[in-house]
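Start from chain P and add chain H according to the hints.
Top to bottom, those sequences are chains P and H.
Here the numbering used here is used: the first residue of the first sequence is 904, the next is one more, and so on.
Here the numbering used here is used: the first residue of the second sequence is 3, the next is one more, and so on.
Simulated from the structure, these hints should not be mistaken for laboratory data.
Each residue gets a CB set at the ideal place from its N, CA and C atoms; glycine is no exception.
Facing chain P, according to a computed beta carbon distance under 8 Å, are these residues of chain H, among others:
{"no.": "1", "residue": "Ala61"}
{"no.": "2", "residue": "Leu65"}
{"no.": "3", "residue": "Val108"}
{"no.": "4", "residue": "Arg113"}
{"no.": "5", "residue": "Leu116"}
{"no.": "6", "residue": "Gly118"}
{"no.": "7", "residue": "Pro119"}
{"no.": "8", "residue": "Arg122"}
{"no.": "9", "residue": "Gly127"}
{"no.": "10", "residue": "Tyr151"}
{"no.": "11", "residue": "Arg153"}
{"no.": "12", "residue": "Leu161"}
{"no.": "13", "residue": "Gln164"}
In silico negatives: residues of chain H with every beta carbon more than 12 Å from chain P:
{"no.": "14", "residue": "Asp48"}
{"no.": "15", "residue": "Trp197"}
{"no.": "16", "residue": "Pro263"}
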Amino acid sequence: MHRASIACLLLVAGWLFCPPAAADPVVLPVDQSQDAYEPAVAATQQGFVVVWRSGLLAPGDLRTGLRFQADLVFLVLDSQGVPSAPQPRPLCRAPDLQARPRIASGPQGLLVVWQDLRNGRDWDVYAARISPQGEVLEEDGFLVAGGEHNQAKPQVVWNGRHFVVCWQDFRSGSRYEIYACRITPEGKNLDPHGVKIASGADYHCYAPALAPLGTGRCFLMHVARGGSAARSPLAQAWLLEGVQARLLYRLHPVEQRVNFRPLLRQGPHDQGHPIRLAAGSRSVLAVWKNCAPLGRGDGPVNNAALFSQEGKRLADLRLGHRQGRRWAGRILDPAAVWAGDRFVVVWAQFIQPDRNAPPTDAVFLQQLDPQGKPLGTYRLLAGTPEAPATAPAVAYHPDGTILVAYEQHPRRADQPIAIAVQRWSLSEAER
Amino acid sequence: MVCSRCFPLGRMLWFCLYLGGVAWGQPAPEKPPGENSFPRPVWHPDARWQVEKFAGTGARGHLDGPRLEIEDYCNGRPMARVFQPLGAGRYQYSGLDPLSGRVHRVSGGARGTLDGPLSRARFGGWDYVARNHLARSPDGRYLYILEGYNRHRLRYIDLQQQWVGTLFPRLTQLRGIAVGDDGTIYLVQHPQQLWTISPDHQKLRRGPRLQISRPANAWGYSLAVDQQRGRLYATKYRTPDYYIWYWDLSTGQYHGVLPTPKTSGKDRGRNVPGPFEGTNLYEQGVVLFGPDDPDKRFLYTPRTDTFQLIRLDLQRRMVAILASEKGPDGSRWWKFSDEPHRPQRVPLYGNMHWLPDGSFLSGTHSPWHSYLFRRVR
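Bound conformation, chain P alone (with noise of 0.2 Å):
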């Protein structure tokens, strides 16, 4: 009787403390011996694809100043996440960087947006389309938004009748402005000079987040910085229909009459970004970085709310593990999606085995049900002391299954950063 009890004790704990393994990862080969950075990933009908930027830095003596080899490749993978091609593709070699791909599943295709510095001076934002056969359809892409200073930090989502890009712009010279514009599924932009979405008068509005309604609308998210601090919002979320925008939420701390410590432990703000956003049947899901520097290391304590459609603030999340003082419930790079009756969230986290040892980067998983409420506990995915994992996507496929892609850290340096994959139909999951 006895032992029994200690034995069910011991299954007690360790489905509590041991998150069940995680489906064996498969790593995608890399691009011409080049470390692999910033995944990106979405569903297709056939399966799912893998965009990400391959390369750094050119060779060189940095103190001559530095010279860029990196590239945009993808890979076009089954629905049981196998590759369909031994090597990546590649989707942009344009001269100096290109970086921070996203991609987005349209009926007819799919468009992958990113950052690019072929100019050489200044990012501008370009796309290319996939088609369901896995063939580029724009080599080196296309110009979405060009022109003087930064436009950067773009995100793509189907909107049901076109894909709606949003960005960062710094064409004003002094601060950033929240940008969008409409790409239909023949790659025509409809809106060339890209429509003015947000704009602070002394602030800036950036790190922008989008999230798909359907019927046209999206639901768009930005954090704000700059002027005094009673003038400026700490975030802004907007319902875009087209890209004609209304403004939805706001987090002020004037607005709202209330201090502003407890906000900025709410989140998200310039310290709590950048925010991922996943819209369910009724509810839009933001989840934000809070493992960011702020004083003495204090983020936001929250990094997940739950939305209505209308804007309306829900409920107020923290998720994360809790183990260790210093980065219990502090995210990185979170990645959220809609699996049909469920969010499935992923972020990078430090985990730090041994206290005088170097934290490290792990990749988690949390299930939610439509109202925020956790589906059993997290999941650790993929990073270890030795081989780290950080920079996780996600996307749902309709069949059920969810594909997370990742930055696999290797565990020699004669081996390149890798993106790895990990799939499982939703019935796994849950176990």
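Same frame as chain P, now just chain H:
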């Protein structure tokens, strides 16, 4: 410690590495400061500077690109030379390309201790508690890092080979670093041991035990070395007797330099220039020598939180602070003054980085810009 003698000439001088992201701000200066063309040294009473935004937008985040449009997470620490995000985050080194004026991440994005190619190596990171210390080799090839989250080991970035390594991995708990003009690395190990490493990284030598009553906390020491006189100048957070002192490199003996009011028995008031005795400074800062000073006569000490740049004349035992005046064109010029005057807030926080022409870059604090003090006379 950076001086024009120590750096190779030309554009490579402008390459800077820092942690996290950079910020140097305002419309791009007509051209970056180049070699020193001023007839008088930086410590001359007629030397003057003008301030301009050098990098950053005021928006905090992670965005590379043109230096005046980047986002960064610079909470205070050394800017231009190194950038130190506090709290947590993905720890990366970034570099400024002097030709394009662009700032970019140059290392990978996971934390750890892996040595190897720069874009793949992992760094332990730092935060408010576990702070790193950095120094450069005289030829600019190596950036040395004492990693707080790596048992305070000594790592280096070889800019020529784009390689990251760890020097003498069994040497841990290093709390201060300075590099001599000949490339010798001086290290203070907790609690009070001096070590030196030869410029070719081959020989490690144990030095004398350093005389000190209370070792530094995890924040460690800021060090500057005068090899001619055999002195290792140091400061640390909260020193009850001397803000700045030096250790004799051959004996390890402690010699006070800049006394606190408690030690000197005099107090002119916070940041008021004048003789060493009676000086009252904030209890945290760094020490470094500057350009045009082969005799190591002037020691600079930016102080944290009070936004001041202090210069010590070690020969005359006088303290000067950076003060503004109206320039001939009506704009605000800055100079060092040891005349008693009311101190003004200087847009410089906690650290500075000398450029070869005698200009310098500021450490950064709200509103998250880095400033260039451009030498104008």
